[in-house]
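As they're listed, the protein sequences go chains W and B.
Each step along the first sequence adds one to the number in my numbering, with nothing skipped, and position 97 is 97.
Each step along the second sequence adds one to the number in my numbering, with nothing skipped, and position 438 is 438.
No lab work stands behind these hints: they were computed from the structure.
Certain hints may be false.
[To be verified] Example chain B residues on the side facing chain W (calculated, C-beta under 7 angstroms, incomplete): (1) Arg44; (2) Arg111; (3) Glu119; (4) Glu121; (5) Phe229; (6) Ile347; (7) Ala382; (8) Gly386; (9) Pro388; (10) Asn505; (11) Met509; (12) Phe515; (13) Asp558; (14) Asp559; (15) Asp560; (16) Leu563.
Just so it is clear, CB atoms sit at the ideal spot from N, CA and C, and this is done for glycine as well.
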Amino acid sequence: MSNNGTHPTAIVRIQRFNPETDKKPHLQEFEVELQPGSTVLDALHEIKSHQDGSLTFRRSCRHAICGSCAMHVNGKNELVCKAPLKDRLDRKGRVTIRPLPYLPIIKDLVVDRTSFWEQYLRVKPWLAPPENVPEKEFRMSPEEVGALRNAETCIMCGACYSSCQIIGLTKEYIGPHALLKAFLRVMDPRDSIPGERLADLDGADGVYRCRTIFNCIDACPKNLNPTQAIETLRKLAQKREAFERARVERQKHLDEPILAR
Amino acid sequence: MPDNEIVHDILIVGAGLAGSWAAMVAAKEGVRDVAVLSKIHPLRSHSGAAQGGIAGALNNVRPVAGTGPDGPLEQIPAGEPPIDSVDLHVFDTIKGSDWLGDQDAIEIMCREAIDVLYEYERMGCVFSRTPDGRIAQRRFGGHSTPRANFAADWTGHVLLHTIHEQALRHNVTFYSEWYCMDLIVEDNICRGVVALDVLSGKIHTMRAKAVLFGTGGYGRAYKITSNAFANTGDGVAIAYNAGIPLMDMEFVQFHPTGLYRHGILMSEACRGEGGYLLNNKHERFMERYAKDKMELAPRDLVSRSEQREIDEGRGVEADGQGIWLDLRHLGREKIMQRLPQVREIAIDFVGVDPIDGLVPIQPTAHYSMGGIATDADGQVIADVDGTPVVGFYAAGEAACISVHGANRLGTNSLLDASVFGRRAGYAMARFVQGGAPLQPVSGDPAQRNRQRIKQVLDNPGTELVEDIAQDLKTTMTNNCGIFRDEERLRKAMSEIKALQARFKNARTMDKSSRFNTDVLATLEADHMLTFSEVIVAGALVRQESRGAHSRTDFPRRDDDQWLVHTVAHKNGDDGPRLSYKPVTINYEKYPPQERKY
């Protein structure tokens, strides 16, 4: 669809692929009006609504909390809902959008995340609380909560996972997203199986698989640091028994007020 | 058993807080075969977008002695008296509801809040903390004490992840990216649903002894909304089409602080932590509308006040449609600690850092007080007498119990979804374990729905679905928004009728069967056209102003005529048949009063 010439436009190049009808992926060009403040997601919507309804992508919340819309934009993984379209255009006014790398394509920009969710399940993402439950809440200090901040805001968008070169080589690797979740549980004073978790993460597909290439940090739209979490898990795995003993000790006082220092 | 038929003991549609609680509890109670289907992955559910907190009178904090009710907060030292109570939470909720909430259900919600909160905490939810390690609390609009329990400003996110993890732990089966198209009810007994597997394009009849809808709200029918793309009110429309009544649909909440032009939520916690609202003269205009509560008056009142300022020419931004949200005086540290997500949103979407700039906001369609009529166990009712629809349950924003009446208080939605999702889970477990049979299904409902998809795909029409959806949003915003009157509502009704006619001529561009989101958008638009008519019909007949329903031609609340719930049944193509149900009121304890803040 051409524009009337009064508004500037953007060229949006999108990788298209429907495995039921196409032999291989190909790039298709669309032209959209460049509205003030519009995002890459807005451009995808405009194309889908008025030019080609078969264009397929995931999205929901449009403010970077649901984790649906991670894609590969100009060679970098990001959430398209918060990517300003204008800033993503090259000198010729073009942006290129592909699906997340290293994952099978379901259709166009939608990828198959089966391995991603399998690894998430593998680390037992739920808390394993101690058997003695207090009448009210477990007490945690603001510092103990602060130590979890690097992991609790992970939205499971997959931007880190599909930027990780190890994932490109093997889906056996647990991956930065699930290791970050494991970090959240191991570090939580309410979790009573940190030793078991660390032992599980200690294998060949776990913390030692990371080659500290840092792609995950660059890709994370929530500014989290999976590499650092993996480093921490590695160190803790080396002194697992001492860490477990400290946890047992800490859990004896989970129902007691944190004392002012 | 026909091909493609799927059977479970309990089938839940929607994987937000309500659906996930129900699933987790039923599984924990020993129901072996619990399944949840969701049109998006469970962790993408819109519960996760809630920011500011979840209500509950835990009595962890209080204003510092001698600083008055608006003073800085401190933890309540051990042994010192509480300042909050379940009764106070109940009263605040009733007053917030403009007396349309059912007081027995509200009492249940506020009482069970305490236990639900501690259960979340023990399941691993990472709450912010007081210095002595208790769950942190802040102020929120319409609540007379600081009882919004929070995790920074991503409370919904941590609650959603926690409950999803627990559902997985209890071996709940998930159908991710399956779209429920139809509810099977015969002889007032629910027998299952029909669902589309989005990936394969195949349609399945899914039978179950009990079905729960936790399908969320219907804010997507408005142009400016905080709601996710997914919030198209599918469950509400599907139930209505199956003959199930909808209650109080005309009550739609507009949140006072949606990001200007985007509608994205800037949490009420911004004002809970002390933020101001300013007009173009930099006046704190709430002084004119709610002298006591100021910015922390309930949402309906604050949104109306903003709209008045805008309508009278005191709005901001080029088109005068904005209001300033001022957080600068809170200081960097408080904003970074307590409001990190809203800061990022403001920077990302309007290029303003609230630490040193004014954030443009405007009212945004936010929450659906109305929905599928249920009792306090999530049991769906068939009529104003409360006849149960056997085996059919609803909870969360899709349901109307009603605990929010004409206006919901902030932080009561996460609470409603949690408490009543949990209660519905227990109720379904009792129902199934009490020997409820799998009921037979007559005919082939899957085939009927295959025909519906075929019609959508084969329609050679000239209309684009998105254009119809946009026109619907425009008329709902202009004619059935914050302020309403008879003339505008009649206009909305005739335009919706015209849009329904245009929809028959709508063309779907994607003709493939695999992951066809174009077909989904068409079905969603159909659902929006269906429930929007019910919203307008209820609003047109209700000749009073109560809570979020504000009629400029009937500016007063009228308890003699209208202290009743609107109950809407589908009546062929003639539009809804409306009947009315009394509100449950404890006249000795909480008699209706004038509502002032």
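Checked hints:
1. Because the closest C-beta pair between Arg44(B) and chain W is about 4 angstroms apart, less than 7 angstroms, the hint holds.
2. Because the beta carbon of Arg111(B) sits about 16 angstroms from the nearest beta carbon in chain W, more than 7 angstroms, this interface hint is broken.
3. The beta carbon of Glu119(B) comes no nearer than 10 angstroms to any beta carbon in chain W, farther than 7 angstroms, and the hint placing it at the interface is violated.
4. For Glu121(B), the interface hint holds, the least distance from its beta-carbon to any beta-carbon of chain W being 4 angstroms, beneath 7 angstroms.
5. Annotation: interface hint on Phe229(B) holds; nearest CB of chain W at approximately 5 angstroms, less than 7 angstroms.
6. Checking Ile347(B) against chain W: minimum C-beta separation of about 10 angstroms lies over 7 angstroms; hint violated.
7. Here the hint on Ala382(B) is broken, as its CB sits about 32 angstroms from the closest CB of chain W, past 7 angstroms.
8. Because the closest C-beta pair between Gly386(B) and chain W is about 35 angstroms apart, greater than 7 angstroms, the hint is violated.
9. At about 33 angstroms, the closest approach between the beta carbon of Pro388(B) and any beta carbon in chain W exceeds 7 angstroms, and the interface hint on this residue is violated.
10. With 7 angstroms as the threshold, the beta carbon of Asn505(B) stays out of range of chain W, its nearest partner Cβ sitting at about 15 angstroms, so the hint is violated.
11. At a threshold of 7 angstroms, the smallest CB-CB gap from Met509(B) to chain W is about 3 angstroms, leaving the interface hint in force.
12. Interface hint at Phe515(B): satisfied, since its Cβ lies 4 angstroms from the closest Cβ of chain W, which is below the 7 angstroms cut-off.
13. The interface hint given for Asp558(B) is broken, as the beta carbon of that residue sits about 38 angstroms from the closest beta carbon of chain W, more than 7 angstroms.
14. With a cut of 7 angstroms, the hint placing Asp559(B) at the interface with chain W is violated, because the nearest CB-to-CB distance is about 39 angstroms.
15. Taking 7 angstroms as the C-beta cut-off, the interface hint given for Asp560(B) is violated, the closest approach to chain W being about 43 angstroms.
16. The restraint placing Leu563(B) at the interface with chain W is violated, with a minimum CB-CB distance near 37 angstroms, outside the 7 angstroms limit.
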